[in-house]
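Throw the hints in and build the complete structure from the sequences for me.
If you're matching positions, the sequence shown starts at 588 in the working numbering and goes up one per residue.
I should point out that these hints are in silico values taken from the structure, not numbers from a laboratory.
Beta carbons: idealized from backbone N, C-alpha and C, even for Gly.
Check each hint, because a few of them may be wrong.
Claimed, not checked - Pair by pair, the computed Cβ-Cβ distance ranges are:
#, residue 1, residue 2, range
1, I650, E671, 17 to 25 Å
2, L592, D634, 23 to 31 Å
3, P782, K967, 52 to 60 Å
4, A692, M901, 41 to 49 Å
5, I623, L804, 31 to 39 Å
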Amino acid sequence: MTQELPLVSVITPSFNQGKYIEETIKSILAQDYPRIEYIVVDGASTDKTLAILERYEGRLHLISKPDRGQTEALNKGFRLARGEIVCWVNADDLLLPGAISTAVASFSENPDCMLVYGDGHLIDEAGTFLSRFPYARPFDLWKLMRIESFILQPTTFFRKCALEEIGYLDESYNWCMDWDLWIRLGSRFPVRYIPQPFASARLHRQTKTSNGGIARLREIKRVLSRFGNRKYLLAMSRITFGHVRTTLFLRFLKQGKSLCQPDSMTKKSLRLLFDNQGLYDDGALGKRAKLMFPLGVDADLVQLDLETPREAGMQAVTCYSNRIRLFSCDLPAGAATVSIPYNRLLEHPTEVELHFRATFGHGVVWRRRSSFLVGTRLVKS
Numbered sequence: 588m589t590q591e592l593p594l595v596s597v598i599t600p601s602f603n604q605g606k607y608i609e610e611t612i613k614s615i616l617a618q619d620y621p622r623i624e625y626i627v628v629d630g631a632s633t634d635k636t637l638a639i640l641e642r643y644e645g646r647l648h649l650i651s652k653p654d655r656g657q658t659e660a661l662n663k664g665f666r667l668a669r670g671e672i673v674c675w676v677n678a679d680d681l682l683l684p685g686a687i688s689t690a691v692a693s694f695s696e697n698p699d700c701m702l703v704y705g706d707g708h709l710i711d712e713a714g715t716f717l718s719r720f721p722y723a724r725p726f727d728l729w730k731l732m733r734i735e736s737f738i739l740q741p742t743t744f745f746r747k748c749a750l751e752e753i754g755y756l757d758e759s760y761n762w763c764m765d766w767d768l769w770i771r772l773g774s775r776f777p778v779r780y781i782p783q784p785f786a787s788a789r790l791h792r793q794t795k796t797s798n799g800g801i802a803r804l805r806e807i808k809r810v811l812s813r814f815g816n817r818k819y820l821l822a823m824s825r826i827t828f829g830h831v832r833t834t835l836f837l838r839f840l841k842q843g844k845s846l847c848q849p850d851s852m853t854k855k856s857l858r859l860l861f862d863n864q865g866l867y868d869d870g871a872l873g874k875r876a877k878l879m880f881p882l883g884v885d886a887d888l889v890q891l892d893l894e895t896p897r898e899a900g901m902q903a904v905t906c907y908s909n910r911i912r913l914f915s916c917d918l919p920a921g922a923a924t925v926s927i928p929y930n931r932l933l934e935h936p937t938e939v940e941l942h943f944r945a946t947f948g949h950g951v952v953w954r955r956r957s958s959f960l961v962g963t964r965l966v967k968s
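Okay, here's the thing in structure tokens:
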């Protein structure tokens, strides 16, 4: 029975992480899933890392030789991996109990799915819980390509066949190779979000993200530009704010002082200010709403199921696809379905935009609604 389960390959890139790596190893070896291949790709560490790894001989596959950095090390591991499902856990992060079993079950239930991710925790140097990762949300390709990476890297699992089809990590990236990969996977294949914690990511002053500075911001701009996001000012503003907040938090933490965590009112206010998608977590749509659909699906229609409250009455909407105006129509109060042409032969994802004539409701202007998105699907007519 165990042999029928898919093999899962876990890759850990490492360089001089002797302070944390044993905790990482234990979190992976303690998983309750019976078929795990564990590969550690070490960049010829000079601290106690290798001595720790030698204690686990026979329980992991070790490669230790100089490399050009984390991205190259990860690609080495992925090419060696024999598993149907692969993931990576950095040498200072942790997998939480049951993460692999839960991910494998999700893949089994969704055979077309190529990427699964979950919620995560943020911990400090000592492994103390700081907060949940505040950005995790159901998969939204538009938001991923236009605004932010809401996927916490150590919570992700993906099929190796998908990685081989779209290409391995881009080794020109030092910080954003994961974001780039999530976009490439999400642009081609179904993605599933599981709202339970899979991993803990460690915040400390030695992390690459904390020390990236302007070079990291330039790399983020390059990722956003690569996928056609010419209007990346909103994304860069949010990311710059997040970088400053995290840097200040780590500095205060080192000094033994307190600072508001990422769920602060300031962060929430800026998120509302910068998010111009017009689609909110409760499904409400603003006066203009934008959605993104993957390429290559065997379908010819995008269908949007909408629900307009009775108080709004008849609602007029104009539909655009990839910035081309298609048609206008009137939506009655209650349930309605809008069908928009989909071309699977395009070389980029389909971006759908809805412009509503009116909004309803009270409160601050960015929460005025036009309708509610109940569901979406790609279908053949």
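#### Entry: Those earlier numbered hints the structure runs against, lowest number first
2, 3
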